[in-house]
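Asker: Sequence:
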Amino acid sequence: MIIREDLEILQGQSASSGIVIGHAYVRKVDNETIIPRTLISEQNIPEEMSRLTKAQDMVAEELELVRKKIEENLGPSYSDIISAQIAILRDHEIIKEVRAYIEEHHVNVAFAYRVVVNQYVELLEDHASEYFRERVADIRDIRQRVLRALISKQTVLSSLELDTPTIFIAKELNPADIMMLVTENVLGFITEFGGKTSHASILARAMKVPMIIGVKDATFTLESGQRIILDANQGNVLIQPSQETLDQYAREMDNLQAQELKYQAESHKKAVTQDGFQLKLSANISLPFEVDDIIKYGGDGVGLYRTEYLYLMKQHLPDEEELFREYVRVVKSLPDQEVIIRTIDLGGDKMSALWDLNIRNEANPFMGYRAIRICLDHPQVFITQIRAILRSSAFGKVCLLIPMITHLEQLTESLEIIERVKRDLEHEKIAFDRNIKTGIMVETPSVVMNIEAFAEKADYFSIGTNDLTQYSLAVDRGNERVTKIYNHYDPAIIKMLQKIIDAGHRSGIPVYICGEMGSEEQALYLLLAMKADGVSVAPRYLGTVRNFINRQNQKKAAKHLNEILCMKNRKDIIDAIDKLIG
Numbered sequence: 009m010i011i012r013e014d015l016e017i018l019q020g021q022s023a024s025s026g027i028v029i030g031h032a033y034v035r036k037v038d039n040e041t042i043i044p045r046t047l048i049s050e051q052n053i054p055e056e057m058s059r060l061t062k063a064q065d066m067v068a069e070e071l072e073l074v075r076k077k078i079e080e081n082l083g084p085s086y087s088d089i090i091s092a093q094i095a096i097l098r099d100h101e102i103i104k105e106v107r108a109y110i111e112e113h114h115v116n117v118a119f120a121y122r123v124v125v126n127q128y129v130e131l132l133e134d135h136a137s138e139y140f141r142e143r144v145a146d147i148r149d150i151r152q153r154v155l156r157a158l159i160s161k162q163t164v165l166s167s168l169e170l171d172t173p174t175i176f177i178a179k180e181l182n183p184a185d186i187m188m189l190v191t192e193n194v195l196g197f198i199t200e201f202g203g204k205t206s207h208a209s210i211l212a213r214a215m216k217v218p219m220i221i222g223v224k225d226a227t228f229t230l231e232s233g234q235r236i237i238l239d240a241n242q243g244n245v246l247i248q249p250s251q252e253t254l255d256q257y258a259r260e261m262d263n264l265q266a267q268e269l270k271y272q273a274e275s276h277k278k279a280v281t282q283d284g285f286q287l288k289l290s291a292n293i294s295l296p297f298e299v300d301d302i303i304k305y306g307g308d309g310v311g312l313y314r315t316e317y318l319y320l321m322k323q324h325l326p327d328e329e330e331l332f333r334e335y336v337r338v339v340k341s342l343p344d345q346e347v348i349i350r351t352i353d354l355g356g357d358k359m360s361a362l363w364d365l366n367i368r369n370e371a372n373p374f375m376g377y378r379a380i381r382i383c384l385d386h387p388q389v390f391i392t393q394i395r396a397i398l399r400s401s402a403f404g405k406v407c408l409l410i411p412m413i414t415h416l417e418q419l420t421e422s423l424e425i426i427e428r429v430k431r432d433l434e435h436e437k438i439a440f441d442r443n444i445k446t447g448i449m450v451e452t453p454s455v456v457m458n459i460e461a462f463a464e465k466a467d468y469f470s471i472g473t474n475d476l477t478q479y480s481l482a483v484d485r486g487n488e489r490v491t492k493i494y495n496h497y498d499p500a501i502i503k504m505l506q507k508i509i510d511a512g513h514r515s516g517i518p519v520y521i522c523g524e525m526g527s528e529e530q531a532l533y534l535l536l537a538m539k540a541d542g543v544s545v546a547p548r549y550l551g552t553v554r555n556f557i558n559r560q561n562q563k564k565a566a567k568h569l570n571e572i573l574c575m576k577n578r579k580d581i582i583d584a585i586d587k588l589i590g
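Numbering-wise (the working numbering), the sequence shown opens with residue 9 and increments by one.
Certain hints may be false.
[To be verified] Simulated DEER-style distance windows between Cβ atoms:
(1) N561 to D262: 47 to 57 angstroms
(2) L15 to S454: 44 to 54 angstroms
(3) D225 to D344: 19 to 29 angstroms
(4) K576 to P173: 45 to 55 angstroms
(5) D225 to E260: 42 to 52 angstroms
(6) E111 to F297: 42 to 52 angstroms
FYI, nobody ran anything at the bench for these hints, they're computed from the structure. Cβ coordinates follow ideal geometry from the N, Cα and C atoms, glycine included.
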């Protein structure tokens, strides 16, 4: 699409793809709002505190509505995050400190409330733990809601005028905002801060709401009422576009919608090449309700069920029953289809806040204390999740997947724990699949170099191409200065993929790909040539990937594989694949 050069465009990072057109609504945070400092008399203190109580009641009523929406859409286990916000709202210590500040300084309640809550924010925002820094966002959110209710006597929803399609812009958003707004004529989101793996971004993707994050100074540059185009496919925000540009994007959206309907109509088809090679095409999910999209677009089950979101949305470790209810809901929704459930892949900073662990901040958490490393050091957490997964296997085709394995001893110890849990369940006469398959994520160079040994113990491999690329090329893909180094088509990565697939096939086990690479045409062409057994992608890409595979010839691709493997730089590899695809 050609865009006029004189058009004002803001750029950010796509957190949830899609294109929408609407009017901007900019949420100004409370530190941009002047809170007057008004002196009051002693006898007015009860009246000021009464105003605070009324404001808190208004906010609590709105949060209860949000809690209800979360429970209806995600289930009751996910509403803990709202309970935490209500606890902050009703915190007796904060209320007591606000009263004390008013009594000492004889100032209005809005000013006193902001001063007191800001002290809590400043105390926690520089905390070493990412988990506690995220809790600061909850405190800021409550501060904003209460101050809005105090000053304007309005809540977030009552202050919005959403008669027209709206794109909501804020410094940051939390899951409560997403759940509250997506059904209120809000078509998309733009934020200045946040990450692709934040709670809000994950939820936006799951709910298929376009979202762009990291848009510098968005709340200052954009103004409420402006017409904008949110192109989350490209990470662009187009301000006050011309009619010509609007027409271009309208046609693009119509084409995408027609393509969407086509893919849904073809959901019964399999991912088979023109010469009869079938690739297992499954979906990556983070939340149970995403199963609806697997059915809609026709995936071969779940290739990667990320189980972290339930842990992130709670204030304590979920128990076995909560986990079991979560997993069995997915399994029962996909009868006769495989569901691969990955054990928790969280860093120590997040896990330490859920139970009594003293884990200091780590300079490089991606290579630090996380995932199976924590689980093996604290087996009770691991055992609780394994019990829930095994119990769900009595209701369908379930597989276990262990992340962040780096050496064989970790896999051996993990398998021993799983076997111990199986014996416990048998002793308790609890049903499960005795022959459940256990695979590993291949995402570190150490596993690749010793892949034959792992192939003797694992039932299947699932290649996490995102981390494998990151670790192999020694590049932090979240660091803007080095992102150009991060590339799946590096000759080293291509050779690693071939080595893993060959080792798996020699041992008679399937090899799947579950990273972002699996949805790229160049990568799919390579994986067909290498005879990978399957790919797992976001549900929305199932139709696109199937359509591409249906148009390819596996034997033709395989003829050029050795030539590509001998190439010495990325550009040559990409150019060669593009030429072959045509």
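Asker: Would you mind marking each hint as holding or not holding in the structure?
Answerer: Going through the hints against the structure:
| no. | hint | result |
| --- | --- | --- |
| 1 | N561 to D262: 47 to 57 angstroms | 32 angstroms, violated |
| 2 | L15 to S454: 44 to 54 angstroms | 48 angstroms, holds |
| 3 | D225 to D344: 19 to 29 angstroms | 52 angstroms, violated |
| 4 | K576 to P173: 45 to 55 angstroms | 50 angstroms, holds |
| 5 | D225 to E260: 42 to 52 angstroms | 27 angstroms, violated |
| 6 | E111 to F297: 42 to 52 angstroms | 49 angstroms, holds |
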